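2 protein chains.
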Amino acid sequence: MDHRRAEKLMRLEVLNTGSELLLGSVLNTHLRIFSEALFPLGLRIARQVAVPDGLPIREALAETFGRADIVLITGGLGPTTDDITRDIVTDLLGLRMEHDEEIWRQIQERFARRSLKMSPRNKLQALRPPEATVLWNPHGTAPGLYLPAFAEKNSPHLFLLPGPPRELQPMVENHVVPILSRLLPPQPEVEMRVWRTAGLGESLVEEMVGEPLLALGAELGYCARPGEVDVRIIGTPEQVRRAGEIIEAKLGPRLVSQDQRSLEKVIVDRLTARGETLTIAESCSGGAIANRITNVPGASAVFLAGYVTYANEAKTRALGVDAALIREHGAVSEPVARAMAEGARAASGASFALSTTGIAGPDGGTPEKPVGTVFVGLASAHAATRVEKLFFPTDRERFKQLVSQTALDLLRQALA
Amino acid sequence: MDHRRAEKLMRLEVLNTGSELLLGSVLNTHLRIFSEALFPLGLRIARQVAVPDGLPIREALAETFGRADIVLITGGLGPTTDDITRDIVTDLLGLRMEHDEEIWRQIQERFARRSLKMSPRNKLQALRPPEATVLWNPHGTAPGLYLPAFAEKNSPHLFLLPGPPRELQPMVENHVVPILSRLLPPQPEVEMRVWRTAGLGESLVEEMVGEPLLALGAELGYCARPGEVDVRIIGTPEQVRRAGEIIEAKLGPRLVSQDQRSLEKVIVDRLTARGETLTIAESCSGGAIANRITNVPGASAVFLAGYVTYANEAKTRALGVDAALIREHGAVSEPVARAMAEGARAASGASFALSTTGIAGPDGGTPEKPVGTVFVGLASAHAATRVEKLFFPTDRERFKQLVSQTALDLLRQALA
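As they're listed, the protein sequences go chains A and B. For the first sequence, our numbering begins at 1 and goes up steadily by one. For the second sequence, our numbering begins at 1 and goes up steadily by one.
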């Protein structure tokens with residue numbers, strides 16, 4: 001595969017330092033930043049390693065000598081005593097640190113501008129080996145450093161980068177990418193495309209498209225989340241084009257997007273294009289659907305109102321659901337889901353209305369309607385109201401995700 | 001510190017497999033799950049490595065032989081062709097896979113219960129080396145496996161675990177922790193406590209409590225999320241007790257919980273204890289607050305109704321906000337936030353009502369009311385309605401988080 005060639009030319013690894021990562025206090029978002037910036041260069045991350053602050057950094061870095069061509073190191077550039085990445089790298093390469101007057105000037109200016117008090121340790125942040133290129137950091141005090149590969153040490157190209165994502169991201173874009181582009185030979189053209197599907201399990205998706213996709217010889221991957229599966233192809237433009245034909249032929253009606261757009265974004269886009277509007281009446285999903293829709297910029301053009309009618313009385317007051325209907329069939333029932341969707345449409349004047357009513361648990365189940373039972377309704381100006389009964393016996397948050405996914409996909413299909 | 005001793009006795013590493021991690025498509029949340037479960041055993045993660053699917057798994061796993069005592073491997077247990085962790089481990093240890101009838105029976109039952117179609121590949125998930133202990137997985141089809149250390153291979157204790165967090169978390173608690181407890185010698189007593197604060201920035205929290213906490217000699221850490229900061233202390237029971245005194249004295253009114261309970265859980269607990277109820281009228285937060293509240297099991301006892309009134313007309317229809325008030329002051333204004341909270345309380349009959357109205361962006365700002373402007377209201381049976389004006393100029397999702405955090409903390413303080 002083409003990208004393998006690039007990978008062989010330059011093996012890139014990531015070394016994350018910081019005890020907080022291994023204590024689980026902080027999620028590692030660096031790989032997302034790196035991969036987005038590196039993919040267009042034809043570079044892939046061959047391995048990522050996280051180690052606690054201190055000596056384990058030295059051990060893990062030394063192992064990359066001779067194995068990796070490029071190593072991106074994050075963290076440990078700050079002013080506190082556990083920030084020793086610069087010292088370890090300088091020492092491993094047999095270099096010496098010197099005071100850099102320009103770095104020092106910029107640190108002082110930054111503190112003055114924000115009227116912050118400096119600590120004597122801040123001056124240590126102005127130390128660097130003269131062989132390093134300084135990667136300026138307008139978003140924090142710690143500048144990054146780039147050290148070229150030293151053949152006699154068998155050392156890779158080293159980038160020392162700050163840990164905080166809002167400092168790291170611009171530094172990668174403005175400094176790391178330009179330096180790497182100069183190091184890399186011109187790359188063969190490789191594309192990545194992700195097809196998002198809804199309503200099918202991962203193994204079923206593979207059964208439907210796996211064999212013909214594998215036969216293309218491109219790289220194939222799957223990623224499953226509650227109620228949706230992504231199919232990812234990395235290959236030549238021709239391989240990606242042919243994968244698209246296979247996937248559309250086999251998965252057509254289940255395809256949500258071919259450009260990583262979320263289900264909710266696809267819905268907002270389609271409603272906007274049609275000049276139509278949406279309302280949502282949620283019981284068991286508790287606002288999860290409205291929350292997803294309103295995460296989409298521009299949602300206000302199509303989303304009129306949501307009703308989270310948890311209590312029976314709220315279903316009656318806000319949506320006009322007949323109290324007798326609830327008494328007769330129970331709040332978790334086909335007729336109530338129908339009345340909620342139709343009532344929300346009438347109350348808001350929207351062209352489409354979704355409704356959900358079910359038992360999220362852990363309590364509230366009965367033998368006839370166990371925890372996980374849910375009815376999802378769709379009312380519209382264009383067709384008779386539909387209600388689907390589903391069963392998601394799982395934990396509360398996953399239940400809410402699956403219900404919101406099912407309801408949104410019902411609407412997506414109606415908008416197809 | 002005491003935990004260092006345990007670390008020397010047993011070196012634990014984590015090996016995450018999955019190209020999606022290195023492509024940045026999925027955030028790695030496994031370390032959080034592991035560290036929370038392992039800490040009470042005196043175990044810390046000495047190193048974490050992520051590699052793409054396929055042969056790199058073999059290479060990275062082989063390196064841990066002789067170096068680590070325990071290796072937790074995640075991912076690659078599913079039914080698709082890139083799921084080859086079981087094969088690699090079995091091969092490295094020189095073992096053979098056999099069909100396990102009990103695993104097969106449980107997979108079939110799971111599919112039947114959910115009326116899902118099986119693929120022939122699902123049968124591969126029932127293969128395991130007979131030397132392995134099966135770790136049952138009620139939340140997915142892939143069971144985990146435990147393989148003891150084989151002295152002649154220099155292999156560590158190996159745990160093969162599923163990648164999806166909802167499957168991983170219960171398996172760690174119910175199977176990994178009990179097996180590890182039997183392997184480990186008794187540990188010296190070390191406690192961890194986390195104090196959750198709201199409404200203060202990380203550097204301000206550190207300025208208020210950092211020095212006296214450091215003087216205790218325990219391990220101190222901070223973790224910041226939008227609108228909340230956790231202070232973490234690891235030390236002897238006496239150090240943790242004294243840290244609690246310092247933190248309560250300095251941060252008292254800002255403390256949300258001392259047991260990692262979320263802000264929304266604290267609110268549901270307090271409302272339940274008082275026998276009072278809640279309604280929420282959201283404009284710019286778009287259902288995010290209702291979604292957080294309804295994530296708490298038992299929320300239905302206190303949460304009556306939520307109104308996501310995005311359109312002006314919905315504010316009037318659902319909440320009775322005077323259309324003239326919106327025309328005169330604009331939807332994003334103090335009087336409208338007040339009328340929304342009071343209208344929601346009247347419509348639902350709840351004892352407390354929260355309201356939000358603001359400009360999430362990226363569009364919709366004006367010179368007088370730029371993107372990020374928001375009014376948060378609280379009406380109750382107990383006190384005059386309060387409205388606070390805030391300014392969060394940030395991206396849309398973070399804006400919604402900060403607004404929901406501010407509104408919920410306003411209510412928490414009223415319930416103190």
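If you are wondering where the hints come from, they were derived from the structure by calculation, not from laboratory data. Take these hints with a grain of salt, some might be off.
Same chains, same label: a pair holds when it works inside one copy or across any pair of copies.
Claimed, not checked - Lysine to aspartate or glutamate pairs mimicking EDC-like chemistry, simulated, CA-CA at most 16 Å apart:
#  : residue 1 : residue 2
1  : K153      : E368
2  : K265      : E397
3  : K153      : E63
4  : K117      : E206
5  : K250      : E202
6  : K117      : E202
7  : K389      : E173
8  : K123      : E207
9  : K389      : E207
10 : K250      : E397
11 : K389      : E334
12 : K117      : E20
13 : K123      : E206
14 : K123      : D53
15 : K369      : D100
16 : K123      : E202
17 : K117      : E207
18 : K389      : E101
19 : K250      : D53
20 : K153      : E102
21 : K117      : E36
Since the structure is predicted, the reported quantities are computational estimates derived from the model, not experimental observations.
So, going through the hints one by one against the coordinates:
With identical chains, the CA atoms of K153 and E368 are never at most 16 Å apart, being 71 Å at best within one copy and 54 Å at best between copies. Taking identical chains as interchangeable, the C-alpha atoms of K265 and E397 lie at most 16 Å apart only when they sit on different chains, with a minimum of 14 Å there against 21 Å within one chain. Taking the shortest Cα distances, K153 and E63 sit within 16 Å of each other inside one copy (12 Å), while across copies they are farther apart (22 Å). Taking identical chains as interchangeable, the C-alpha atoms of K117 and E206 lie at most 16 Å apart only when they sit on different chains, with a minimum of 12 Å there against 54 Å within one chain.
For the identical chains of this complex, K250 and E202 are intra-copy neighbours only, at 14 Å inside a copy versus 51 Å across copies, given an alpha-carbon limit of 16 Å. For the identical chains of this complex, K117 and E202 are inter-copy neighbours only, at 11 Å across copies versus 50 Å inside a copy, given an alpha-carbon limit of 16 Å. In this homomeric assembly, K389 and E173 never come within 16 Å of each other (Cα to Cα): the closest approach is 44 Å inside a single copy and 33 Å across copies. With identical chains, the CA atoms of K123 and E207 are at most 16 Å apart between copies only, with a shortest distance of 13 Å across copies and 58 Å within one.
In this homomeric assembly, K389 and E207 never come within 16 Å of each other (Cα to Cα): the closest approach is 26 Å inside a single copy and 54 Å across copies. Within a single copy, K250 and E397 get their C-alpha atoms no closer than 31 Å, and across copies no closer than 35 Å, so neither meets the 16 Å cut-off. Taking CA atoms no more than 16 Å apart as the test, K389 paired with E334 passes inside one copy only; the shortest distance there is 8 Å, against 43 Å between copies. When the C-alpha separation of K117 and E20 is checked against a cutoff of 16 Å, the pair qualifies neither within a copy, at 25 Å, nor between copies, at 42 Å.
For the identical chains of this complex, K123 and E206 are inter-copy neighbours only, at 14 Å across copies versus 54 Å inside a copy, given an alpha-carbon limit of 16 Å. In this homomeric assembly, K123 and D53 never come within 16 Å of each other (Cα to Cα): the closest approach is 20 Å inside a single copy and 44 Å across copies. Within a single copy, K369 and D100 get their C-alpha atoms no closer than 65 Å, and across copies no closer than 34 Å, so neither meets the 16 Å cut-off. In this assembly of identical chains, the alpha carbons of K123 and E202 lie at most 16 Å apart only when taken from different copies (14 Å versus 50 Å within one copy).
In the homo-oligomer, the alpha carbons of K117 and E207 lie at most 16 Å apart only across protomers (10 Å), although the nearest pairing inside one protomer, at 58 Å, exceeds that limit. For the identical chains of this complex, K389 and E101 are neighbours neither inside a copy (63 Å) nor across copies (33 Å), given an alpha-carbon limit of 16 Å. When the C-alpha separation of K250 and D53 is checked against a cutoff of 16 Å, the pair qualifies neither within a copy, at 49 Å, nor between copies, at 25 Å. Taking the closest pair of Cα atoms, K153 and E102 never come within 16 Å of each other, the shortest separation being 29 Å inside a single copy and 55 Å across copies.
Proximity of K117 to E36 under the C-alpha cut-off of 16 Å is found in neither arrangement, the shortest distances being 36 Å within a copy and 35 Å between copies.
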